[in-house]
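S.K.: Just need the whole structure built from these sequences, with the hints factored in.
Protein chains in written order, with the working numbering: chain A, 1 to 262; chain B, 1 to 134.
Keep in mind that the hints are not guaranteed to be accurate.
Label pairs and their computed distance ranges (CB to CB) [as the list claims (entries may be wrong)]:
| # | chain 1 | residue 1 | chain 2 | residue 2 | range |
| --- | --- | --- | --- | --- | --- |
| 1 | A | G247 | B | T79 | 49 to 57 Å |
| 2 | B | V100 | A | N108 | 36 to 44 Å |
| 3 | A | G247 | B | G46 | 21 to 29 Å |
Don't read these hints as lab results, they were simulated from the structure.
Remember, predicted model here, so these are calculated numbers, not experimental data.
All C-beta atoms in this analysis are idealised placements derived from N, C-alpha and C, irrespective of residue type, glycine included.
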Amino acid sequence: MALMNKTGRVCSPTMDYFLNNVNGLGVTATGYTGLSSLRLLFDAVNDFNPGVKFKLCVIWKNSGTNTNSLILRDEMSSVNVTASETSQTFASADTEEVTESDFFTLSNSGIRRYGLQAKVSAGTATILSISVKVYQAGSLKGTILVFTTPILNISTSATNYLTRNWSDTLINIDKFPTRTKARITVFWRNSTLGTNYVTLFDQFGAAEYGELAVAVDTAGGYQIDRSDFFELPEGLTSYMIRFKAGGGTISIANLMIELVLV
Amino acid sequence: MTIQNTLGLKVIDKKSCMYPKTTTVAGVTTWPTNKIAVNMNDYPVGAKGVLLLCGANKYLPNGTDTTACEITMKDSGGTTIATLAVNQGNWPAFDIKSSVTPFSLNSGLDYYYFVTNAYTDVVSKIELYIVLEW
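M.R.: Written out as structure tokens, the structure is:
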């Protein structure tokens with residue numbers, strides 16, 4: 001079965017940043033500056049098929065006829081991924097363009113935290129959407145569909161699960177390949193050596209899936225943890241993420257949910 | 001390896017548009033800062049789109065606006081690509097719905113945005129699945 005596209009690679013998945021984290025984000029710095037709260041957690045070597053490549057895709061504009069630039073940053077080593085840099089010179093002011101980078105690779109193994117940085121030659125850039133696109137050659141075996149949640153910079157000492165009054169994601173598991181399961185990856189800390197909990201609930205908080213409970217390694221230190229694979233119920237369901245602390249105060253910087261063909 | 005599901009569709013990509021977002025003017029409203037970029041050259045020939053919507057109408061059932069929460073997906077040129085409505089969900093009890101028939105997207109790289117139809121629509125989440133039909 002041929003699943004190749006014109007470039008010989010299939011884009012799947014796209015690690016979208018939720019647009020409410022991005023929309024209207026203004027950048028005026030002429031040197032690269034971090035886009036706060038825009039981060040991803042993944043293992044570029046082991047989460048995808050061998051030979052995986054990446055692209056950045058961005059919808060943006062500039063207040064003048066200037067140049068916007070975007071680059072991926074490996075935050076674990078504080079190094080910009082130079083091959084990921086993508087720029088757009090705007091022929092018209094305040095006119096939206098969608099821009100893709102060239103393919104680039106990431107070579108660091110282990111779950112790492114990636115961020116984004118942007119700059120302008122002049123004027124003000126307005127960023128409306130950013131995607132990190134993943135291109136895997138060959139079949140879609142082992143495809144991971146990754147998407148971030150908007151859970152960012154939340155702290156709580158509540159020992160009961162916090163309720164969120166709006167959904168985090170819609171999933172119709174019936175439309176995914178059979179044997180697709182979910183997992184949660186989270187970047188968080190605890191003020192003490194307490195236990196952090198995160199669980200995926202349905203929209204009404206009536207059912208829970210895939211609880212991840214982790215006793216932190218170092219009080220006050222951020223760490224990345226990942227749940228086991230867990231199954232989701234049949235049909236279209238709206239889900240939300242809920243947290244609680246087993247002691248101390250937990251702070252959650254980033255969280256991702258992945259759908260994986262296992 | 002069997003990777004088909006029972007519905008004859010397989011999701012190969014998933015793009016998210018996160019709100020919550022409430023319309024602020026009567027009638028058709030555009031949310032200009034919420035856009036999704038899609039490059040159909042990234043996908044196998046035959047790939048199509050499926051929309052998923054989580055939304056509500058804030059003043060149902062006792063308010064003055066009895067219109068279902070509905071979104072219309074448009075391309076960068078303003079051409080309508082797809083429309084999806086939920087079953088007049090009564091906020092804060094959001095309703096969820098998926099489009100029944102996959103729809104075609106523009107070739108190459110383009111971006112898409114969403115328009116709602118009523119003053120009181122509250123949209124919590126929009127998902128765009130890129131699917132292959134089997």
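S.K.: So the hint says 49 to 57 Å: do the beta-carbon atoms of G247 of chain A and T79 of chain B match that?
M.R.: 55 Å, holds
S.K.: Is 21 to 29 Å a correct range for the gap between the Cβ atoms of G247 of chain A and G46 of chain B?
M.R.: 53 Å, violated
S.K.: Could you check the hint for me, namely that V100 of chain B and N108 of chain A are 36 to 44 Å apart, CB to CB?
M.R.: Check passed, 43 Å falls within 36 to 44 Å.
In terms of the numbered hints stated before, the structure departs from hint 3 and from no other.
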